[in-house]
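Student: Chain residues, written in single-letter form:
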Amino acid sequence: MKRTLTFGKEQHEVELLRQDGALTLVWEGEAHPIDIREVEPGCYSILMDGRSVEVLLDPAKSPDPDAHAFRVMVYDGVYEFALADPRRALLAGGGAGAGAGGTLTSPMPGKVVKLLVAAGEAVQEGQTLLILEAMKMQNEYKSPSAGTVAKLYVQEGSTVETASPMVELAAPDAG
Amino acid sequence: MKRTLTFGKEQHEVELLRQDGALTLVWEGEAHPIDIREVEPGCYSILMDGRSVEVLLDPAKSPDPDAHAFRVMVYDGVYEFALADPRRALLAGGGAGAGAGGTLTSPMPGKVVKLLVAAGEAVQEGQTLLILEAMKMQNEYKSPSAGTVAKLYVQEGSTVETASPMVELAAPDAG
Amino acid sequence: MPVTKVLIANRGEIACRVIRTCREMGIRTVAVYSEADRAALHVRMADEAYCIGPAPARESYLVVEKLLDVCRRSGADAVHPGYGFLSENAEAARAFEAAGVTFIGPRPESIVSMGSKTAAREVAIAAGCPVVPGVQETMSDEDLLVASTKIGFPVMLKAAMGGGGKGMRLVHKPEDFASSLARARGEALSSFGDDSVYVEKAIVQPRHIEIQIFSDAHGNHVYLHERECSVQRRHQKVIEEAPSPHVTPEMRKAMGEAALKVARAVNYRGAGTIEFLADADRNFYFLEMNTRLQVEHPVTEWITGLDLVKWQILVARGEKLPLTQEQIPLHGWAMECRVYAEDPDKNFMPSPGRITFLKAPGGRNVRDDSGVYEGAEVPMFYDPMISKLSTWGPTRIEAIDRMRAALGEYRIGGIRHNIAFHEVLMEHEPFRKGDLHTGMLDKPFWKKKGPGPDLQFAVAAALLHDLESEERRAAQPAGSGEGKPDAWKHWGRFNRL
Amino acid sequence: MPVTKVLIANRGEIACRVIRTCREMGIRTVAVYSEADRAALHVRMADEAYCIGPAPARESYLVVEKLLDVCRRSGADAVHPGYGFLSENAEAARAFEAAGVTFIGPRPESIVSMGSKTAAREVAIAAGCPVVPGVQETMSDEDLLVASTKIGFPVMLKAAMGGGGKGMRLVHKPEDFASSLARARGEALSSFGDDSVYVEKAIVQPRHIEIQIFSDAHGNHVYLHERECSVQRRHQKVIEEAPSPHVTPEMRKAMGEAALKVARAVNYRGAGTIEFLADADRNFYFLEMNTRLQVEHPVTEWITGLDLVKWQILVARGEKLPLTQEQIPLHGWAMECRVYAEDPDKNFMPSPGRITFLKAPGGRNVRDDSGVYEGAEVPMFYDPMISKLSTWGPTRIEAIDRMRAALGEYRIGGIRHNIAFHEVLMEHEPFRKGDLHTGMLDKPFWKKKGPGPDLQFAVAAALLHDLESEERRAAQPAGSGEGKPDAWKHWGRFNRL
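Residue numbers (this note's numbering), protein chains in the order written: chain A, 24 to 198; chain B, 24 to 198; chain C, 1110 to 1606; chain D, 1110 to 1606.
Hints are not guaranteed to be accurate.
Okay, derived cross-link-like pairs now, SDA-like style, lysine to any residue, Cα gap no bigger than 20 angstroms in a straight line [unchecked claim]: (1) LYS1282/D x GLY1237/D; (2) LYS1552/D x HIS1344/D; (3) LYS1419/D x ILE1464/C; (4) LYS165/A x PRO1553/C; (5) LYS84/A x ILE1464/C; (6) LYS84/A x GLU53/A; (7) LYS1455/D x ILE59/B; (8) LYS1362/D x THR1433/D; (9) LYS1455/D x ASP89/B; (10) LYS1370/C x PRO1354/C.
Listed next, the stretches of chain C that the computed footprint assigns to chain A, with coverage defined by at least 3 CB atoms under 8 angstroms from CB atoms of chain A [unchecked claim]: (11) 1293-1304; (12) 1450-1462; (13) 1520-1526.
Calculated directly from the structure, the hints in this document are not laboratory data. Don't be surprised by glycine CBs; every beta carbon is placed ideally from N, CA and C.
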């Protein structure tokens, strides 16, 4: 089961092989015998290359429907990355990098207290699109790239859930 | 779902009713509205008669195959009791009290380091039948009642699991 | 005043923390909960629990009449307000006392005196406690701009009824004034029901240092030393410590005595905190007084060995303070990290949701004050703080190293949180050296750069997860189990909650 | 001697506890594990982990050659033995030192001097430390009976190589002598590989009080005050506290100085404990010396604020003791309850098995040193202690009340354990008054009598469990899910482990 790992701007070919009950991690062609135990649900004790590392695996939502996104806690912090079937990743044009345009979704449940753009309006990267209130805090929601507001899914006073569509942006050249 | 509760030497008729999503505990004919939430697996937050009690429910092994035995932890300690279908309890001759005789099983995994009785031998209540070693401790295993050793399932050096049969006792009058 | 059964008019970790002290003192506890909180930890821990309405706080936790009704039904003879909610609401305090229920907090008049920052400032000036230069009264937008120009930018806009960083904005230049003011007023209105805002001189790289005071009903006042809370994000504290690495014994005494002047001026009773801003030259200025227990009180408990909730109850019973000023201990150093359900990489955006995995650290001199449990839902309606992790050590560096180790043990799944952010802070050289100021988090230096030595391990677990999902899919009859993302079957045990 | 990477030649809570201090000190850790312990907590926590053989300790944890091999493979330059296992094995200590690996413990000669109780007694007598009347040498069965008759019953039989209550028997009358001696020899042989037994005068209602000592390699010796460990079941400690309610400042000083005489006599280095028996008149008698860290060291850490494992490492590095005798703090009171997988209602029979639910208490001045986790298996091969819960308070009663509250919060499912037993102890009037002696648990007064106020709640949960099992059965197609008791489906998530 080969996978393309996307971690930040890096990509790696990785694979986990199971043979006769023993696991091997193949990292960019280099094989490492590895012992993985799921000691608690989602929590793995891993021995490899003489080291012992405990990881808590948290499947996350991925922007790419063909990739599995993960958030992983270890003693030294949190890693976020995605694993994709390399064939599908290839078909989709490669990578999980966010291009300009697309539908922007709400990061958490909340209420839109201020909407600062209108449909059809051109926006700059970093421009505040709307203000979302949740957990007693007002949060500015900024445009990840330059573009044009293609569609608004919310209005002032709308309540949204996690990952509700809020604003659809078109890339500047597509506007 | 009426149940016969056996707690120590006490017995009570108890029932939990679910109607339109609401629960009622009927304790010896007296009805108490009750709100029970399983907040974690096996762990319940219960509100009744103005009180809040959290209980951890641990299904235990019961000597009576028709009864469900429970061990329950609350802030104030541990309760052990059994619930039985009253019809079955009636058929079985009532109660969960252990009579004389029957098969004695091992309380834990271990090794029989000493066997102090032979098949056919008469034993007194409290007489040491064998010595079991587990977790670096030697434990004397005593007869719960007077009777006769009908059968031995173990010999010195035998290793046993939890609830392995070890000694079958016959009641004195049956010997 | 008897305190034999305490209604805790709060939720989350502080409700649980109050319950623990009551248990130790043999006092029964009554929890209240909104419809979103039936399964919350404080409901599980209390001896009694009553529902007081819908999820929004203004329909439940903030409704005094409902709390009074629960006092009547339960026979509670005292109310502990915790922090936030009604803790600094003089009307509520009066209503409880009028109903014959002991309010475990200051006299209502003290709350009023300190409730408005502008009024509190007047009191401090009159009592001889230094204050930050600025304009005391709330004004129109135009007048605030005039005043700001006169004081000179940068200035700080603050909600008159505010606290906890809400309705607070630093304004660097006149061009930003209008939008910042609008935002400050908006937050002030939604948080405190009052959009009054005032303006003050902004002190450059200030340190936030506060004095914990305690007073009884007999006119005795002591200070329990200082806490430093300069590590803030969006004007809200995230790391607190006691004592402060900036404070000398002389400064401690001067600040403590200045704080007690304010306490005496308002005839204070109970636990209170005088917040100061301090500059590099160890000048300090009165900022405000919090007339309640603070979130960060555990660091004071660590260095003094005292139980501040117990003292609150003793004072509410009319007893004298157990110790005099000279008897207040100060040993070692304590750190506290606030654990929030939030995303430090996305401007600390709250991250409500279900906690699918939870393991708090253990061991020596580590204290976790949690309000949640594995399987608990962090609701979107309330503050996203889920626990406070605190550590003690004989020295500051030992407390920091212990905190770093404890954070490494902490495991929270299902929501985003700030554990890794705290870990970076504990290894951040300026922090370790004690070079703190309230703007130190303005640049997000904690964002992870490259891959660390554990990346391969993390990826291996994810690969196994994918492999087993595929094996299960292959083994299952077609059509079964559809409609749920396989990643979550794993935690199927929570589906029944 | 450098200590940069420590192999921990142990398992369970003590291995985890040592790992925590190493983490705080920036020292890397190497775990070893038997085949029964691949998923044990210490393996999860360490930086490296190596399998050293089958489950029985004599084929894994006790095999020095295997440990030396792991030192070579991992580059560990020091070994921490914990307690039990090889901690008091002079041969092992020599083997490590010979291989250039620092043994974090005393000099092998000190272990030898104190390893046999009879030899230890000689040392104590020579050093001027009072001892219990008795016969020093091991003898034949017949001679032991003669000696016992001469000393006068009751007498105490003790394994010469023993410790932890194993191979120890109190004999009240001559008729019981033969069977008790056989049992003592049997346990001695299986626990220590040597069936030598000796006999002593049994002191009536004795109190077990011990002095924690610390020595460096430069001839400095200090005592860290006393612990009382009189609450024992089957001659094994279950509750420990520091300081002792029986000890006056004068007695503390006398005991501390007597203990240091013994330490000096054996040129001691590192952490050690001198155990004494004390009678009602505050006479005290040397019992034995434990040349290692004790299980109950956390209560000493609470009252002194010190980290004993850190001190062990500093001493192993050749550093001087950080404090002099006059600088050793003593504040407040600490309690420790040993949490065992055992059944207090059935003569403390061990109860190995899977822990299906685990929730340790939190809050202030509560410390849980655990070696397990939810889902962990408590193997039958090792000691059934799963955690040590300790609390601190300014006074003894506050420490007890805090312990009672913390025990109430503790939740362990799947195995039998002694939490409820400890709860009864914390409410037991003689215990609360400090009237302790080593026989206080001879009568099982903690067994639950009647129904408490929570019985109806407990039964209600069980009824709901039965109701839902029935509803599920009714909803399921016939034949599915058979073969497993429905009560356990619940914890299906553990099936995959």
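Student: Would you mind confirming whether the straight-line C-alpha gap from LYS165/A to PRO1553/C stays at or under 20 angstroms?
Tutor: Holds, at roughly 17 angstroms.
Student: The segment 1520-1526 of chain C covered by chain A? Criterion: 3 or more residues, Cβ-Cβ distance below 8 angstroms.
Tutor: Satisfied; 5 residues make the cut.
Student: Just to be careful, I want the Cα atoms of LYS1282/D and GLY1237/D compared with a cutoff of 20 angstroms; is the pair within it?
Tutor: With a Cα-Cα distance of about 32 angstroms, the restraint between LYS1282/D and GLY1237/D is violated, given a limit of 20 angstroms.
Student: Checking one constraint from the list: CA of LYS1455/D to CA of ASP89/B, max 20 angstroms. Satisfied?
Tutor: Roughly 24 angstroms separates the two Cα atoms, so the pair is violated.
Student: Would the pair LYS1419/D and ILE1464/C pass a check requiring their Cα atoms to be no farther apart than 20 angstroms?
Tutor: Roughly 35 angstroms between the alpha carbons, so the hint for LYS1419/D and ILE1464/C is violated.
Student: Does GLU53/A sit within 20 angstroms of LYS84/A, going by the straight-line distance between their CA atoms?
Tutor: Violated - the C-alpha atoms of GLU53/A and LYS84/A are around 29 angstroms apart, more than 20 angstroms.
Student: Is LYS1370/C within 20 angstroms of PRO1354/C, Cα to Cα?
Tutor: violated (24 angstroms)
Student: Holds or violated: LYS1455/D with ILE59/B, Cα cutoff 20 angstroms?
Tutor: violated (32 angstroms)
Student: In terms of beta carbon proximity below 8 angstroms, does the segment 1293-1304 of chain C have 3 or more residues touching chain A?
Tutor: holds (count 4)
Student: Apply the coverage criterion to the segment 1450-1462 of chain C and chain A: a residue qualifies when its Cβ sits closer than 8 angstroms to a Cβ of the chain, and three qualifying residues are needed.
Tutor: holds (count 8)
Student: Is the hinted pair LYS84/A and ILE1464/C satisfied, with a Cα-Cα distance of at most 20 angstroms?
Tutor: Status holds; Cα separation ~15 angstroms.
Student: Checking one constraint from the list: CA of LYS1362/D to CA of THR1433/D, max 20 angstroms. Satisfied?
Tutor: holds (15 angstroms)
Violated hints for the displayed structure, listed by number in ascending order: 1, 3, 6, 7, 9 and 10.
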